[in-house]
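Top to bottom, those sequences are chains F and Y. Under numbering that gives the first Met the number 0, think of the first position of the first sequence as 0, with each following residue one higher. Under numbering that gives the first Met the number 0, think of the first position of the second sequence as 0, with each following residue one higher.
Think of the hints as simulated: they come from the structure by calculation, not from any bench. Where hints are given, some of them may not hold.
[What the hints assert, rightly or not] The list that follows gives simulated cross-link-like pairs (lysine to aspartate or glutamate, EDC-like), each with its CA atoms no further than 16 Å apart: (1) Y:Lys265 - F:Asp242; (2) Y:Lys265 - F:Asp173; (3) Y:Lys265 - F:Glu147; (4) Y:Lys266 - F:Glu241.
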Amino acid sequence: MSVGSKVAIKLERVTAGYLTAARGWRSLRRRLEVVLNNVSLEVYNGERVVIIGESGSGKSTLLRVVLGLLKPLRGRVVVLGKEVYSLPWSERVRVLRAVGYVPQDPYKALNPSLKIRYSLMEPLEALGIGDPEGRMARVLRLVQLSEEVMNYYPTDLSGGMRQRVLIARAVIHDPEILVLDEPTSALDVSIQAQIINLINDLYEKLNLTVLVVTHDLGVAQYLADRAVILYKGEIVEEGFFEDVLHSPRNNYTKLLIKSYRASI
Amino acid sequence: MEAMVLAVKAVGLRVGYLDSEENVLWAVREASFEVSEGEIFCLVGESGCGKSTVGNAIAGILPPHAVTEGELHIFDRPVIQGGRMNYNGVRGRIVSYVPQNPGTGLNPYYTVEDQFYYVLNSLYGLGRRKAVEVSRNYLSLVGLDPDRVLDYYPHELSGGMQQRAAIALALSTGARVVVADEPTSSIDANLRLQLIKLLLDLRDSQRISLFLITHDIMSAGKICDTIAVMYAGRLLEVGRGSEVVTEPLHQYTRMLVDAAPTLGFKKALRSIPGEPPRPGVVVEGCAFRPRCPWAFEKCVEAPPRVGVFGREVECWRYVG
């Protein structure tokens, strides 16, 4: 699929953070902890962008901002041409309907007391989309699961199958953008390969724009057209993955690549 | 060459768990291996293959409903003989354990100093002052500054520091064998490299044996002297670390290597089709047969363990 020139996600000088207790957990004074500092990023239509960073670098916070879950302190967030945080809630939901999200831990992200059928149906009910049976059958085929899975509980499924269910749930409402948070970090190496291939497969079949967050350069290699290196809340390097890998300019990126090569 | 001292020796070890109807689900069906002193031994496999159970058996932390068969010796002491287990004088003192997630392995209500004190006090009856002295030694050994770290609670340490503290705690008992469950999973590349260097240093300076459990065969190949590949409770291939990764003999090992990404060389990622058998499901013959592209009629019989190029493989293709 060709990368379009239309911008799917645009962050403009975004600063975001959380309030934490100033000193000691009993304190009533709150201190602002800035996690993302002046981040600007553009993701084009039909592009696969991977955000690489170590834990604490702010990569999950960046996703929260994109998903409309955390209002940035400063800066603009534009998703599919609409400025997300200046819209009223009802409008915001309509924009964010075009975004599918796969959360980090497949062992925690599915409600253990619901059969897979009802977990899959939730986004459809929330968004008021009809024909749940047809859609469920279609997405399960897409992620290569049999329809029997609908009647299972999450505990009956292996980690790889759960991740497939989560991906199915993220694309069930035909989003234009798929956002994945560490899609393989909780999985075995053999399953990891299946999930990577599945994501790339869906990217082509569904004409998606894919935004992935990971700390694993090896995984990023397979999912990235473009890589963004995040360090301590700031983007330190950005470029085509191959360019970043073979000629990194930033010292942190160099260190990251060197230590990855040495440890694996 | 100095005489090889065996740290861990397992002969036909089988470990299972009793379910609610008193049936035994065998997690480890047959494991025979040897770990010598000062060796880094890696057990590699997918989740659910029984690798953590082997680690728990060595560390002496099997739950009460575990059932054992075969033998397990630690420095010539039989800790498992048939159905009997006796870890007296071994658990904690000779073998210690670094849990999978250091954040949950440390007690959140104790400072680092207290963690050391309670471990050393319950094992050796050390007083507070002596315990602090010992803990200072081991904390500096793993590259932490004792003056800063001793007063910290676990949540005040970063992930890497927690992991180091957990390793220092495991070593502080004077253990000769350290079992570490997934020590490098879910940590960043920088930290992983530091940790690997630390483990190699400790092996050289303290001559401890390391028993690492991991699902990442590529990083295992970088650090281990010996790799054992486990599948459905059996060891399919045991050999020298670098060789197993570069020239896998068993088809399962080969597929594990093919599924792992290598940076800078974008080969097609081939995943292993199918799923490993569920616990309690017995596959007749070779357990990997349903997923193996090279399976032939002989594979319905259990394959023998054969020695090929100094490695041990359980596969019919190398027989005869």
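Evaluation of the provided hints:
Taken as a hint, the Lys265 (chain Y) and Asp242 (chain F) pair is honoured in the structure, with Cα atoms around 14 Å apart against an allowance of 16 Å. Distance check on the hinted pair: Lys265 (chain Y) and Asp173 (chain F) sit about 30 Å apart at the alpha-carbon level, beyond 16 Å; violated. For the hint pairing Lys265 (chain Y) with Glu147 (chain F), the CA-to-CA distance comes to about 35 Å; that exceeds 16 Å, so the pair is violated. Under the criterion of a C-alpha separation no larger than 16 Å, the hint pairing Lys266 (chain Y) with Glu241 (chain F) is consistent with the structure, at around 14 Å.
Figure legend: structure checked against the earlier numbered hints; hints not met, in rising order: 2, 3.
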